[in-house]
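Asker: Here are the chains, one letter per residue:
Protein chains: 2
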Amino acid sequence: MMPIYLDHSATTPVDPRVIEAMLPYFAEKFGNASSLHRWGQAALAALDQSRRTLAEILNARANEIVFTGCGSESDNLALRGVAFALRARGAPAHIITTPIEHHAILNTATQLEKEFGVEVTRVPVNRSGVVNPDEIARAITPRTILISVMYANNEVGTIEPLREIGKIARAQKIIFHTDAVQAGGYLPLDVDELGVDLMSLGAHKFHGPKGVGALYVRAGTPLVSTQTGGSQERARRAGTENIPYIVGMATALKIAQSEREETNARLRALREKLIEGILERVAQSQLTGDPKNRLPGHASFVIPGAVGDEMVLGLDLAGIAASTGSACTAGSAEPSHVLAAMGYAPDIARGALRLTLGRGNTDADVERAVNAAADVVGKLRRK
Amino acid sequence: MMPIYLDHSATTPVDPRVIEAMLPYFAEKFGNASSLHRWGQAALAALDQSRRTLAEILNARANEIVFTGCGSESDNLALRGVAFALRARGAPAHIITTPIEHHAILNTATQLEKEFGVEVTRVPVNRSGVVNPDEIARAITPRTILISVMYANNEVGTIEPLREIGKIARAQKIIFHTDAVQAGGYLPLDVDELGVDLMSLGAHKFHGPKGVGALYVRAGTPLVSTQTGGSQERARRAGTENIPYIVGMATALKIAQSEREETNARLRALREKLIEGILERVAQSQLTGDPKNRLPGHASFVIPGAVGDEMVLGLDLAGIAASTGSACTAGSAEPSHVLAAMGYAPDIARGALRLTLGRGNTDADVERAVNAAADVVGKLRRK
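The listed protein sequences derive, respectively, from chains A and B. Everything in the first sequence is counted per this note's numbering, starting at 1 for the first residue and increasing by one. Everything in the second sequence is counted per this note's numbering, starting at 1 for the first residue and increasing by one.
Accuracy of the hints is not assured; some may be wrong.
Heads up, the list lumps identical chains together, so a pair's fine if it works in one copy or across two of them.
[Unchecked claim] Here are the computed lysine to aspartate or glutamate pairs in the DMTMM-like style, where the Cα-Cα straight-line distance is at most 25 Å:
no., residue 1, residue 2
1, Lys29, Asp363
2, Lys273, Glu20
3, Lys173, Glu367
4, Lys254, Glu28
Hints were generated in silico from the structure; no laboratory data involved. Only a predicted model underlies this, so the values are computations on that prediction, with no experimental measurement involved.
Input sequences plus hints: build the corresponding full structure.
Answerer: Okay, here's the thing in structure tokens:
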């Protein structure tokens, strides 16, 4: 039987239409976009077109899009860039974030705190993983320079109330960043409507290639470049532009966003079937994250009496690709920081299982996954 | 007539063998290398194999190779990583470099100086662009933490005396970094023989893709990560690994290094013919950089009475891709910082022309380029 991939939050296969769009830029239109000659100008035209595509989707201006090497780099540039631009104001700068962010935010905030004298407040979330905008508002001090809250969580799929936080940030004139890496392919990205000043995207979460991302930077946002060199990306991110991947990212985002409603409806139906199946067939299993306000293809559970990594390995043997919550920390013995912040005890959090659906999945995949999970958990519990 | 690409120092077309090696990793073996399941493990195996390939070529250990998003990122990580690791020693840390480095070094050193209290000494070079190791030695102070000298210069092709500088650095227990981005495809990369502790590479200079690089980090070298998040690359560089490009980089470097002697002999012969042709046909033209100790395919000139950008545009019309010296600053009105450091007056430096040969070029290309250059310069001088 063909193995089934149910780990689309970790990464996705590149869409064939994206590969086709990228291919001419490897060996034919291979120029350096900074070169004055025809090869350079062809590369520059592709770069400009891709930038306009992203800008249009985000309802932004083309010069507010900075292409980066991945979503993590975008997160790093947002936090470091703003902190280094504003930390010299005198008193220590203050950043507000949450404890359920991706490690690209968490660890960057911690490094800024430990090495560069920045203060960080991590506003707690509720049992569903939702942050309360009022608590964000209460955490603001006169030294707050940045609020960073993710759009949707990678481990439990919960969507955060960005619009409400955006209004608070706007009213207090504080820069608002969102890590939209998980949300990029599924949720609306209008930066004005969301009220964000900075937004991170990574192409490989929406059937684009790994190794390219973008950071939306609202005009006027103070930002120190954290990768200096040539004047690419208006001196905000040095390095010869990766034209094939930038073209690929624009193509992938355009496809994902134009097919969004159709895809999401299909994925939501599959997800509900998957959640019902697991809750019914795997005794004591509990859904984690918000039951309704979650990413369309995202199902996450805690399963008492089973260990996450063991379930993942058992499911792999059964031909199902799953994860415990985050590929970035797979194999780590630490229970999830996200589940901990949501109030799950370590022994419960250890039984985390994440199944994330994508475009290619079918009803039959869901059935096989539910059967396999019931079987694997049963065996692990009998051990 | 087919246009001729003579700008291989700016970037190169991806080798068809490299494209072939990369293709399976886009949509088939597309896993996240951190995932525990079979897709993840297939990606991890490709990552490990690529790392071993680079390690073997560099005479290094696999865990001393950090894959990055480009050569500029590698340069940034080297300088920032060491500076942030060692700046807290008390007195301001001190870095020694040269004024002819790539902007990824120059501008990073300047940012460290202006924003982070690091002291920087830029040791001058001679008329050929060669730095004197004795002057490096004389610049060392008790607070010197890092020496960064490029392996070969991008604008004038000059190869620097790394081995001698490496011995000085070793004797004084100072970390030694080299930007080998231009040298990677053409010169030996044995890190022990060169005596370097850190070495930057970028794949697109040797027929690999744009958007992937590597930093060699000798075991024990203090380095603070400048892109934090997941624990990829042993927590030295966060971000989901770009497996297709990493495989592509390893494939490209293996091809370039295994064919190096043959390629270099051929390119050197073409280069000599090109240099002779230009010096003979273009009155008052002068070769810049070291006449012998230079990159095999690299020819660079100053041409009095002509402006670099105008020559490049004229040559482009004639179907020849050339540059003034660095794609990263093309279109800039500033005369080259490299030629300035080599003692060329601004009005002479303004006439810079760089023609860089690659694998695909032929004798006929050189003849056409010489004729076109003579013609274009003649027209510009008559204007």
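Asker: Hint by hint, note whether the structure agrees.
Answerer: Now for the hints, and whether the structure bears them out:
1. Lys29 <-> Asp363: For Lys29 and Asp363, only the inter-copy Cα distance (24 Å) is at most 25 Å; the intra-copy one is 42 Å.
2. Lys273 <-> Glu20: Neither way: Lys273 and Glu20 sit 34 Å apart in one copy and 40 Å across, limit 25 Å.
3. Lys173 <-> Glu367: neither (50 Å within a copy, 62 Å between copies)
4. Lys254 <-> Glu28: For Lys254 and Glu28, both the intra-copy (24 Å) and inter-copy (22 Å) Cα distances are at most 25 Å.
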